[in-house]
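Chemist: Since the structure of chain A is already known, use the hints to place chain B on it.
So the protein lines, in turn, are chains A and B.
Each residue of the first sequence is one higher than the one before, starting from 2 at the first, in the working numbering.
Each residue of the second sequence is one higher than the one before, starting from 2 at the first, in the working numbering.
Do not rely on the hints blindly, as some may be mistaken.
The list treats identical chains as interchangeable, and a pair is accepted whether it falls inside one copy or across any two copies.
Here are the simulated EDC-like cross-link-like pairs (lysine to aspartate or glutamate), alpha carbons at most 16 Å apart as the crow flies [claimed, not checked]:
hint : residue 1 : residue 2
1    : K121      : E341
2    : K56       : D5
3    : K121      : D334
4    : K50       : D69
5    : K302      : E342
6    : K121      : D14
7    : K50       : D5
8    : K50       : E61
Source of the hints: derived by calculation from the structure; they are not laboratory data.
Model, not experiment: these values are computed from the prediction.
2 protein chains.
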Amino acid sequence: MLIDARVASGLRDLPPSLAKPRERLVDQFRRVFRSFGFQPIETPHIERKEVLTGKGAGSEEVLRQIFDVVNTGGTLGELALRFDHTVPLARFVAAHINEIGLPFKRFAIGSVFRGERPAKGRFREFTQCDFDIVGTEGVAADAEIVMVIYQALTLAEVPRSTIWLNHRGLLEALLDGISARDRGPAVLRAIDKLSKIGREQVAKELTNPEKGAGLTTDQADHVLDFIVAGRGGSAVLDQAEGLLGNHDSAKTAFHTLRTIRRLLDESGVPEDAVMFDMGLARGLDYYTGVVMETTVNGWEKFGSISSGGRYDNLGSLFSQRRIPGVGASIGLDRLIALLEESGHLSGHASASGVVVGQFSGVSLEVPFQIAARLRAAGITAECFPDPIPIGKQMAYGASRGYRFGLILGPDELSRGVFHLRDLITRQESKDLPIEQVAEIVALKCAEQNQSE
Amino acid sequence: MLIDARVASGLRDLPPSLAKPRERLVDQFRRVFRSFGFQPIETPHIERKEVLTGKGAGSEEVLRQIFDVVNTGGTLGELALRFDHTVPLARFVAAHINEIGLPFKRFAIGSVFRGERPAKGRFREFTQCDFDIVGTEGVAADAEIVMVIYQALTLAEVPRSTIWLNHRGLLEALLDGISARDRGPAVLRAIDKLSKIGREQVAKELTNPEKGAGLTTDQADHVLDFIVAGRGGSAVLDQAEGLLGNHDSAKTAFHTLRTIRRLLDESGVPEDAVMFDMGLARGLDYYTGVVMETTVNGWEKFGSISSGGRYDNLGSLFSQRRIPGVGASIGLDRLIALLEESGHLSGHASASGVVVGQFSGVSLEVPFQIAARLRAAGITAECFPDPIPIGKQMAYGASRGYRFGLILGPDELSRGVFHLRDLITRQESKDLPIEQVAEIVALKCAEQNQSE
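This is chain A alone, in the form it adopts within the complex (with noise of 0.2 Å):
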């Protein structure tokens, strides 16, 4: 009986149409990533699970998600998969401290998988590209991680994204402002939810006794007013400085979210990539300075590609050192699928490479030859296995991206020739000697293949 081919549920399968463009890009992040001296570790897939599941690890929803793994011989509950790749860094460094060093700038591209409730465009693998500097409270790493984000996504030709940046710090004042600093998590929850539900529905849940914050209408108004208003360029930072006056930590988050701006000013990242928004809270329980987010303008449905911020102490689970670091993490699929959908993604893929067809009467030693010299003139060159039409041997090529197909009959094997054809233009160049092809294909192909 036959075994039925699907995937697992929430699982799937990556075609070479999908999975030569991520390789791009993930190569693409990781030139970045080296460029400004980050450099790549990797743990296992695997993790004992009270490595996963410890205090503040992650949230209620994320360890009601985690898988279990477990082998002959072993017990359930013991072993389980990442679900991201913070953990597994704090785990990281508590254990090879010494060995590491700090600073310590680490980048670590894998999948992470999360049993969520299978649903389209959601996946329960996925690949996250987490870049961190950890070891410092220098404001320099907080400019540097979002120009990696803006560097990252400008190499990868994402379109015109923004990166929002907030500060818990900020949102503190706000709340000390009305004397309601106890109601942090539920107006974190709240004013979330603003871009999707709207003013009048956060209001609400801000002034619900039960469900939500419990603030009355004045405060409720008071944070949704700074919010709504706090959205945009330089300006908003000095807008928001005369609401919330002279509380301390407003004032250390508003010279850090400044000198961010100068640093990025310097490095030549543009004004309008990297903006302000008082109403970004998404993390907040979780990050104790800067946080960021990553939108692509006109695409803010799909969310965040990109997200971050700056934490206190990543060890506290596994070491009585204090290890204060900033870090952000771009989401691979979900900016892979925003890529499609915005037509951004193909276009890429130009065709390159020869096919070298395969005739019956031919002996395979000439285009074993031939192909064997183009690639090491660094041009892609596949032998077709088998002799079949001609015809069909080229619309394979076609098909496979290859821009070539080169042919030999037995006539022009006795005159020491080959036909040429462009699979794009259909032209055909008969009876050209080897020297001549390998020079207009090395010509036509070498340099997109460089490109790629």
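Modeler: What follows is chain B alone, placed relative to chain A:
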């Protein structure tokens, strides 16, 4: 209470010192795979368990080592982690055959999981780099797979390795010659141990009627003579042909092996890089034609670093369509371990890039400006995040593999000049204007940076 930061038994972290050379190797492998027209695919780490445990999907030993995966609401036994890339390939091809078309050349690089008993150098998660050509029986495909192994190991600067070839047809002929075809599996198991336990012990196993193959002493001698003499260049094929006579599957096998060797000759693969080993028996219960293994000369104790072969029917578990193919896999972890022990892993990471020092009293803008300028010129540049003593910043730079340190104190700032310290030679060039810094660094670093 603190949580122990250790990884689970049989798993491991890869710090930058190991993750960097891995990245480089994988990049090189991918470049070779692409140059032959292989395209990437990705399948999930988690498969439905019945996909992994179908008849013939894995040996009994491998099936015992499967890791089950389960999450809230799921049932134990439904999901499991993949233990290789071959079974997922078979499922992928069956599921996507209309979309991908045949022949189909794919590579897949990623973690696979086996709950082996933890031991030195044996890990429960390891990386395999697979490449296969499915949908063809042409010998061109067999030759290409061998060439890919050769090219990949050459580009990766693996010390002189030998790809050993054999063919199932030869062992069938050998067994038919002594009328012992029904003893095939036991004979294969015995001769597979020749290099480990020696001729005498193998002879005992071949003649043992209970635990072994139960051959007569003459039969065992015949098998062992054939195998012991059958290791070397093309001459062993002539010799073996004399011994096996006119057996049909032997004739086909010799023709295939000779054709592969001829195609390799035309492609510039040296004679001694690909040899024949009539005793190569691993996987012959699964492979149906050519089989191959790869050892590094002088480091044979590490076993095969790349193995593969031709199979008749990849998708038989999932599809009624017959899908022949040929492929191989490079075992990245074993290769890395070998390179490390043989001293070939170091020397790659030549120092490059610049760490820009931070001085108390000097605004961060200037370091950020120059770092951005260096990165725009393709040079890795990092601003040290804290104004600690400059000697410590430079020591950090040297430990992270930077070639240069750039120093800008308050005095230099006022004169608009920098100190550039070569972190290897410890030479310092003082009072350089920024243009000259960029020029010197670009000259000394750009080339190394390119080659990474």
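Chemist: Work down the list of hints and note, for each, if the structure agrees.
Modeler: Structure-based check of each hint:
Taking CA atoms no more than 16 Å apart as the test, K121 paired with E341 passes inside one copy only; the shortest distance there is 14 Å, against 45 Å between copies. Taking the shortest Cα distances, K56 and D5 sit within 16 Å of each other only across copies (13 Å), while inside one copy they are farther apart (41 Å). With identical chains, the CA atoms of K121 and D334 are at most 16 Å apart within one copy only, with a shortest distance of 12 Å there and 36 Å across copies. With identical chains, the CA atoms of K50 and D69 are at most 16 Å apart both within one copy (8 Å) and between copies (14 Å).
In this homomeric assembly, K302 and E342 come within 16 Å of each other (Cα to Cα) only inside a single copy, at 12 Å, whereas the closest approach across copies is 52 Å. Taking the shortest alpha-carbon separations for K121 and D14, only the intra-copy value of 15 Å comes in at or below 16 Å, while the best inter-copy value is 34 Å. For the identical chains of this complex, K50 and D5 are inter-copy neighbours only, at 11 Å across copies versus 32 Å inside a copy, given an alpha-carbon limit of 16 Å. For the identical chains of this complex, K50 and E61 are intra-copy neighbours only, at 15 Å inside a copy versus 28 Å across copies, given an alpha-carbon limit of 16 Å.
In the structure shown, no violation is registered for any of the earlier numbered hints.
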